[in-house]
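Just so you know, the sequences run in chain order A and B.
Sequential numbering from 1 applies to the first sequence in my numbering.
Sequential numbering from 1 applies to the second sequence in my numbering.
Hint data in this document are derived by calculation from the structure and do not stem from the laboratory.
None of the values given here were measured: they were computed from a predicted structure.
It is possible that some hints are incorrect.
[Said to hold, decoys possible] Heads up, simulated SDA-like pairs for lysine to any residue below, C-alpha to C-alpha not over 25 Å straight-line:
id	chain 1	residue 1	chain 2	residue 2
1	A	LYS3	B	ARG242
2	B	LYS251	A	SER13
3	B	LYS251	A	GLN2
4	A	LYS87	B	SER90
5	A	LYS3	B	LEU125
6	B	LYS129	A	PHE6
[To be verified] So the derived label-pair ranges between C-beta atoms look like this:
id	chain 1	residue 1	chain 2	residue 2	range
7	B	MET46	A	ILE18	55 to 65 Å
8	A	LYS3	B	PRO22	27 to 37 Å
9	A	ILE64	B	GLN152	44 to 54 Å
10	B	GLU211	A	PHE116	28 to 38 Å
For glycine and all other residues, C-beta sits at the position ideal for the given N, C-alpha and C.
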Amino acid sequence: MQKYEFYWRRLHSLLGVIPVGLFLVFHLSLNFTATGGAETYDSATGVMDYIPGWLLLTIEWIVIYIPILFHGLYGIYIAFTATPNNKRFSTFRNWMFLLQRITGVFLVIFIAWHMFQTRIQKALGNAEVSFDMMKNIVDNPWMLAFYIVGILSATLHLSNGLWAFCVSWGITQSPHSQKVFSWLSMIFFVIISIIGVSAILAFV
Amino acid sequence: MSTQQVESGKTVRFKILRQDNPNGPSRWEEFEVPYRPGMNVISALMYIRQNPVTADGKETTPVTWDMNCLEEVCGACSMVINGRPRQSCSALVDQLEQPIRLEPMKTFPVVRDLQVDRSRMFNALKKVKAWIPIDGSYDLGEGPRMPERKRQWAYELSKCMTCGVCFEACPNVSEKSNFIGPAPLSQVRLFNTHPTGAMNKDERLDAIMGEGGLANCGNSQNCVAACPKGIPLTTSIASLNRATTVHMFRKFFGSDHMVD
Numbered sequence: 001m002q003k004y005e006f007y008w009r010r011l012h013s014l015l016g017v018i019p020v021g022l023f024l025v026f027h028l029s030l031n032f033t034a035t036g037g038a039e040t041y042d043s044a045t046g047v048m049d050y051i052p053g054w055l056l057l058t059i060e061w062i063v064i065y066i067p068i069l070f071h072g073l074y075g076i077y078i079a080f081t082a083t084p085n086n087k088r089f090s091t092f093r094n095w096m097f098l099l100q101r102i103t104g105v106f107l108v109i110f111i112a113w114h115m116f117q118t119r120i121q122k123a124l125g126n127a128e129v130s131f132d133m134m135k136n137i138v139d140n141p142w143m144l145a146f147y148i149v150g151i152l153s154a155t156l157h158l159s160n161g162l163w164a165f166c167v168s169w170g171i172t173q174s175p176h177s178q179k180v181f182s183w184l185s186m187i188f189f190v191i192i193s194i195i196g197v198s199a200i201l202a203f204v
Numbered sequence: 001m002s003t004q005q006v007e008s009g010k011t012v013r014f015k016i017l018r019q020d021n022p023n024g025p026s027r028w029e030e031f032e033v034p035y036r037p038g039m040n041v042i043s044a045l046m047y048i049r050q051n052p053v054t055a056d057g058k059e060t061t062p063v064t065w066d067m068n069c070l071e072e073v074c075g076a077c078s079m080v081i082n083g084r085p086r087q088s089c090s091a092l093v094d095q096l097e098q099p100i101r102l103e104p105m106k107t108f109p110v111v112r113d114l115q116v117d118r119s120r121m122f123n124a125l126k127k128v129k130a131w132i133p134i135d136g137s138y139d140l141g142e143g144p145r146m147p148e149r150k151r152q153w154a155y156e157l158s159k160c161m162t163c164g165v166c167f168e169a170c171p172n173v174s175e176k177s178n179f180i181g182p183a184p185l186s187q188v189r190l191f192n193t194h195p196t197g198a199m200n201k202d203e204r205l206d207a208i209m210g211e212g213g214l215a216n217c218g219n220s221q222n223c224v225a226a227c228p229k230g231i232p233l234t235t236s237i238a239s240l241n242r243a244t245t246v247h248m249f250r251k252f253f254g255s256d257h258m259v260d
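Extracted from the complex, chain B is given alone in its bound form (with noise of 0.2 Å):
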């Protein structure tokens, strides 16, 4: 920081809610940190850090958050900003109402202050077999290839960094709910469109038509509205509910051939 940023005077008030422990209480803290232009949320974070002392100059623990790329593709940094849920990397404080409100996504089980724990997320993809398999027991050659104007679409659809935004917007994904939750169902539209990621689709899909699966989505279009990566979750869930109509309808009437 240079001499003339810190001479300005301006500050940034931030108001964080704080947590010392998985199940402990929570408590809101105000920090004023030193204005400087083009300051993002992680930025002010990286300051309380260094200087923990609350706005009324009382000492206190530094702020616990989870970051890694700062450039918004990992998805690790996300948290609740003004009541909205994004990443707090390319949250920019110039665009940001004061104080600025920061709250961990409460819809995950929070670790401490803003960290929280987003296996849940991690478990659906697994669950989902979210992924191509390629490997076999002898060399299994090249796959069928991908028209080049869907790989282009599909592009957009890889472009999930498991967030949990989608997660936190979702007035269904809750710890009393087991619904498994918008980016992991878009994930299967995604690897169910590989030319060899369909070579699975039935088991995917039989994944999704089990408990908290597909059919628990209310329909709120809250996860499209706050993707940040502009993904069509809602249009990946009702493409889905079709994929799983006629795969319900071809596992009673249809034979045993379930894949194509």
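The shape of chain A in the complex, shown without the other chains (with noise of 0.2 Å):
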């Protein structure tokens, strides 16, 4: 396992982007349908059911629930193998690294609990996945506060995420690119922030 150590940290560089950033892209962007209304959000997400089952699971195990486990766990195995430092290098750089640390780690939590509260639910049965279910689930103010930290701690860890991944298989070398995609990435985060928060402001 060790060994291979390598080859594990660049597919987990490489599963944050593909499918597990595209599929939050996508995911926030179907969300934002909801700022249509509630109908044009069930109608949006209603595509979904003309999946057979079999194959939207088969899919869905695939393309999200393995990635993404992978990704969380071997990240938490990568946060607490550091020892940050940012009171005595207190750079930008240091302080996204933390921050990288810190959104992941909450961002585990966060999924499990968002998976259990829907899609389990849906799978046992207890409830359908539709607009009104989300509208229930926000009415609390605290659960609110919670989905708008979790979205942030995902555009985040997605943008900042971007910059690294691009650091880490070579695409971005000299310092001045690194610069210059430090802010496409922060450029990045205040759309897809502005895309995910108002999705969930919209059930509200």
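Both chains come to you apart, so use the hints to assemble them.
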């Protein structure tokens, strides 16, 4: 296992972008349809029902659950082998280093809860995933706050993760290109956060 | 020390983190050292060694630390001064806030007081073959010429003195992680750039693609901010990231010609 550490880390970096990052963008975009009202949202998410159940479940496992489980669990290992020293080195990149780890650990908790509250309840036959389901969840102001923090953690983790991906695979090498990509990743963070947060607020 | 300077009566206050043996407990001790113009941290440590008495008059043992060149090229005297890892020879008292806090670079095993064991770094240099093999069983002749501009650029990377400051600054280097650290990685770029060194570049890339290798970098970029020699460590790491990406695919998909 340790012998292949390099490849595990590269896989961790790749899976964070493809498919997990792509899925997040898709997921938040689909949620954004909620800003058009309950009907728009239900008809947009209803498209999923056209896919046969066995096929949807296979896709879910291969494209979402397995990659996110690996990324999350291996990420926890990475996060807890770090020794943050932000008091002594208070640079932007060092803060992003710490935030990447904090948001990552929080996201494992958030996503586990989110899955339990929505997908698992559907699988158990306790509830139907719909506009009303989310409306009931975010009726509780604490739950709304929890979801907003979760969404912002996810968007920050992805935005900074894209920057780190570019460095880790040797795409951005020069300090200048890394700086430009820092700005681009932050612009991406703002845009995708607006999409994500306005979507959750549409359920209120 | 001339009488005039002693009579000025000005003193410098030091707080030093002491530790008697490798696994022993640590404690802070304060010292008061007579001020001399232009003094550095080492000259103050030398004074304490001559007069091992704490600020409140208690006799103690002389403080242990490493030093060698005294001109910031050997890297031996690195320690954490007022929270920042740096060389104590080039740390001028006039430029430091008092009391001046001295701590060992705890990312390495502490031997005693401010003295640390930097073996981890030297072992890493061995692991990545941070040298250029020039010996053969016959006369290998001259190596390929290095372009002058490339030599000038490589000279910057060669300034690394394995002082360990980047290890201390890196949040991913610690006793609980096996990360090889920034300095040895940059040496891989240096020796893989050299025309003769490049003849073994696949071996060095393989070495950093093992356990605790290149991919364990977390991009906090503290190393480049802390390096006393201004070595572009993060550029070296990013450049090696690309080199290993190519190497990885070549190893899997490519033929058996691993060097060029």
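Here's how the hints hold up against the structure:
{"no.": "1", "hint": "LYS3(A) / ARG242(B)", "result": "20 Å, holds"}
{"no.": "2", "hint": "LYS251(B) / SER13(A)", "result": "20 Å, holds"}
{"no.": "3", "hint": "LYS251(B) / GLN2(A)", "result": "19 Å, holds"}
{"no.": "4", "hint": "LYS87(A) / SER90(B)", "result": "23 Å, holds"}
{"no.": "5", "hint": "LYS3(A) / LEU125(B)", "result": "19 Å, holds"}
{"no.": "6", "hint": "LYS129(B) / PHE6(A)", "result": "19 Å, holds"}
{"no.": "7", "hint": "MET46(B) / ILE18(A): 55 to 65 Å", "result": "59 Å, holds"}
{"no.": "8", "hint": "LYS3(A) / PRO22(B): 27 to 37 Å", "result": "30 Å, holds"}
{"no.": "9", "hint": "ILE64(A) / GLN152(B): 44 to 54 Å", "result": "51 Å, holds"}
{"no.": "10", "hint": "GLU211(B) / PHE116(A): 28 to 38 Å", "result": "36 Å, holds"}
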